[in-house]
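Trainee: Spelled out, the chains give:
Number of protein chains: 2
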Amino acid sequence: MSRVINFYPGPSALPLEALESAEQEIRDWRGTGMSVLEISHRSQEYVELHDGTKELFKKLLNIPEDYEILMLQGGASLQFAMIPMNLLSEDETAGYVITGSFSKNAYKAAGALKKVYCAASTEEDGKFFRIPGKKELSMEPGSVYCHLTSNNTIFGTQWKAFPDTGSVPLICDMSSDILSRRLDFKPFGLIYAGAQKNLGPAGVTLIIIRNDLVEKSGRDLPDILSYKVHAGKNSLYNTPSCFAVYMMNKVLKWVEKKGGLAVIEKQNEKKAELLYGAIDENPDFFKSRVEKESRSTMNVTFNLPSGELESEFVSEAQKERIIGVKGHRSVGGIRVSMYNAHGLDDIEVLVSFMKNFLSKKG
Amino acid sequence: MSRVINFYPGPSALPLEALESAEQEIRDWRGTGMSVLEISHRSQEYVELHDGTKELFKKLLNIPEDYEILMLQGGASLQFAMIPMNLLSEDETAGYVITGSFSKNAYKAAGALKKVYCAASTEEDGKFFRIPGKKELSMEPGSVYCHLTSNNTIFGTQWKAFPDTGSVPLICDMSSDILSRRLDFKPFGLIYAGAQKNLGPAGVTLIIIRNDLVEKSGRDLPDILSYKVHAGKNSLYNTPSCFAVYMMNKVLKWVEKKGGLAVIEKQNEKKAELLYGAIDENPDFFKSRVEKESRSTMNVTFNLPSGELESEFVSEAQKERIIGVKGHRSVGGIRVSMYNAHGLDDIEVLVSFMKNFLSKKG
Chain C
0 MSRVINFYPG
10 PSALPLEALE
20 SAEQEIRDWR
30 GTGMSVLEIS
40 HRSQEYVELH
50 DGTKELFKKL
60 LNIPEDYEIL
70 MLQGGASLQF
80 AMIPMNLLSE
90 DETAGYVITG
100 SFSKNAYKAA
110 GALKKVYCAA
120 STEEDGKFFR
130 IPGKKELSME
140 PGSVYCHLTS
150 NNTIFGTQWK
160 AFPDTGSVPL
170 ICDMSSDILS
180 RRLDFKPFGL
190 IYAGAQKNLG
200 PAGVTLIIIR
210 NDLVEKSGRD
220 LPDILSYKVH
230 AGKNSLYNTP
240 SCFAVYMMNK
250 VLKWVEKKGG
260 LAVIEKQNEK
270 KAELLYGAID
280 ENPDFFKSRV
290 EKESRSTMNV
300 TFNLPSGELE
310 SEFVSEAQKE
320 RIIGVKGHRS
330 VGGIRVSMYN
340 AHGLDDIEVL
350 VSFMKNFLSK
360 KG
Chain U
0 MSRVINFYPG
10 PSALPLEALE
20 SAEQEIRDWR
30 GTGMSVLEIS
40 HRSQEYVELH
50 DGTKELFKKL
60 LNIPEDYEIL
70 MLQGGASLQF
80 AMIPMNLLSE
90 DETAGYVITG
100 SFSKNAYKAA
110 GALKKVYCAA
120 STEEDGKFFR
130 IPGKKELSME
140 PGSVYCHLTS
150 NNTIFGTQWK
160 AFPDTGSVPL
170 ICDMSSDILS
180 RRLDFKPFGL
190 IYAGAQKNLG
200 PAGVTLIIIR
210 NDLVEKSGRD
220 LPDILSYKVH
230 AGKNSLYNTP
240 SCFAVYMMNK
250 VLKWVEKKGG
260 LAVIEKQNEK
270 KAELLYGAID
280 ENPDFFKSRV
290 EKESRSTMNV
300 TFNLPSGELE
310 SEFVSEAQKE
320 RIIGVKGHRS
330 VGGIRVSMYN
340 AHGLDDIEVL
350 VSFMKNFLSK
360 KG
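Here the protein sequences line up with chains C and U, keeping their order.
Note that the first sequence covers residues 0 to 361 in numbering that gives the first Met the number 0.
Note that the second sequence covers residues 0 to 361 in numbering that gives the first Met the number 0.
Just so you know, the hints here were simulated from the structure itself, not pulled from any lab data.
From the structure, some residues in chain U lie toward chain C, with a derived Cβ separation under 10 Å:
no.	residue
1	S1
2	T31
3	D222
4	M246
5	G323
Every residue, glycine too, gets a C-beta built ideally from N, C-alpha and C.
Required output: the full structure, derived from the provided sequences and hints.
Mentor: This is the structure in C-alpha cells:
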C-alpha cells in the first residue's frame, strides 16, 4: 500500500529514508552477519553507534561542552519522577509551570516525592489554551529549579521565548518540539524528551543535563534512577533500547543531510504559516481556541462548527489517506501533529483537503 | 554477509523468521501505509498487537488467571527498584538470595529504598559457582517476599527447582531463562524479565504479577513507578516501547509454531547435554567451575588451561563465524549463551569447533 500522510501525535511519522535504510540492514547490520536487534550493547559496533548518536545531538543542537547527554528508557514520564528524586533534597523545593496535561502529570509525580509548588498555571475549566506571560510566573525564594513543558501536544500551545528565572535553572520537557528549532541552552539545567515525535520511535528518552546537576544527583538512590550513575556509565549502566537508539541515529543523519536545525526550523515555520493561514482565513468554520501568541508549530488544534462535522472531517480525511487528525479525547476536535518528518507538501495536501471540505460542508 | 552463529549473552540471536517478517513489514505494517515504528500506541492496530502479545504469553507460559501481565520499559534493573517501592512499606522486610551479579544489584537497589536482608548467598571470593541448597535459605519471620534470580548469565548457574518458602511468595528475575522451560506459577508472586535474551530485542520488560500484589502496590508513588497504575491502564499509561513489543510478538509466534514450551524445553536440554558432554569429555582442557547440579542450560561457562588459549579460542571461533563467546569481564574465560533461537545445529557447529581446537592446542 502506498504511504499515508500520518499526523499521529506520537509515535508519529518518520523520514522514509530512515525506514528504507533500516529495511536494508535489518538482517545484516554493517556486515556483522547479524541484526542490530541481536548485537550486544557491549560490542564495538553498538558502542560506536551509541557514541555517534550523542555526537550528532551535540552537533545538531549545538549543545555546550558542560552538558552530558543521556539516552535512557522509561519515557518522559519516568523523568517526571527522576528529576525531583535526583535534584531535590527533603528540604528543597522547585516550581512547576502548568500549561497542559503533561506538565500537570510532571507536577503530580514530583508532588508524590518532594515539596514542590505551582509557579503558574493557565488552566481554565480544565483546559489550557495559552502560555503564561512573563509576569505570571511566581517563583519562591530558594527554588532549585523551574519546570516547564515547551510544547503542549494535546492543546497545541508552545513557548516561543522561555522565561527568565535568573540563576534558577529551567528544567524542560521538550518531548514534542525538541529538534524543531534552534535553542539557546543558557537558561536550561536539564532538557528531556521521549523520542517518539521528532527523534525516532518510542523506547528511548533523551536527557541533556548540565554537569553541575549531574554532580548533585543520585544521592541514596538505586543506581537505575540516578543520573550520576547513568552519566558515569555513558548510558550503558543497563542494556539500552538499542534499536530505538539506532533509528534515532538515522533520523539525526537525515536532519543533518537536510541542512541541520536552521533549515528544519524554517520548514516548520512555513508549515505552521500555511496551516494557521488556512484556519484564519475561515475562522467561523476552523475555530482555533489557542491564543495566537501561544500557537504551536508542532500540534495544531481546531474545532469545526459541530461534533458531527468533526467526525466527518476525520473519516473524509482518512479516505484521502490523511491519518491521525482526531483531537485528543480530553479536548475533542481536530489535531494535526506535524513534526520534522512532514514536508511542506504534506501540509499542502491537508490544506487543500480542508478547503474542499469547507466548500462542501461550510 | 551470511549469518553468523551469535552466542552473545543479550541482546542476542533472534529467530531468522522474526527478522524476515519485520523486514517485509517495516515500511507498511498490516496495510496501514505506515511503519509499526510510526503508528500511534492508541491506534486499534497497535492495541490489537499489544493485547495479542499478552494473550500469547498467557497461552505459551500457561499463566493462571489471577496474574496480570505488564510490558514496561526500563529493563530488569528498573524492577530492582520498583519491586521494593511497590511491595514493601517502611516497616516491612523481604529476603534476597544472592547467586550472582544481578541478584546482588537487585539486593543493593532494594537496600537503598527499604529494609531488606540477605536470605542466602553462594558468593566465594567474589564469584558464584552454585545455587544454594534448600537448607541454606534463612527467611526472617514476616517477610513479604523472597527474591531470587532464576539464571545467572555471568557465571552460568540456574535454579533447577525453586525453594519452598511456604506462604511467602517468590519474586524472580527470569531475564535470562524465561520461556526456556515450563513453569509452575504457584510459588511465584511476581516474575520479571528484560526481553533481550529469549523474548525479543532490548527495550521492553515483561512482568507477570499476581493480582493481590497489584492491589497492594503503588501507595504514594508517582504513577510511572506504580504497578497498580500500569495494570489499570493495560501497560499503556505512557507510550510503550512499541517496536520491541512487536518483535516480541513475532518471537512468541515462532515459539508457538515450533510446538510451544515443551518442545523448546526439550531442545534446550539437548543443546545443554551436547555442550556439557563435550566439556566433561575433556575436563582438563575445558574446565567447568560450576557445580554440576547448578549448571545453566542457557549460559555455559568454562575456562581453558591459560588466558592465552582463551583469547585464541575467541579469535579462532570468530574466524569460523562463531561470535560472542568471550566470558564476562568479571570472570574471564569462555561463555556460550544459547537461548531459544539457537537450534541444536548451532551447538553441533560449536562442539565440532571445540574438538578441533582441542586437537590442535590440547
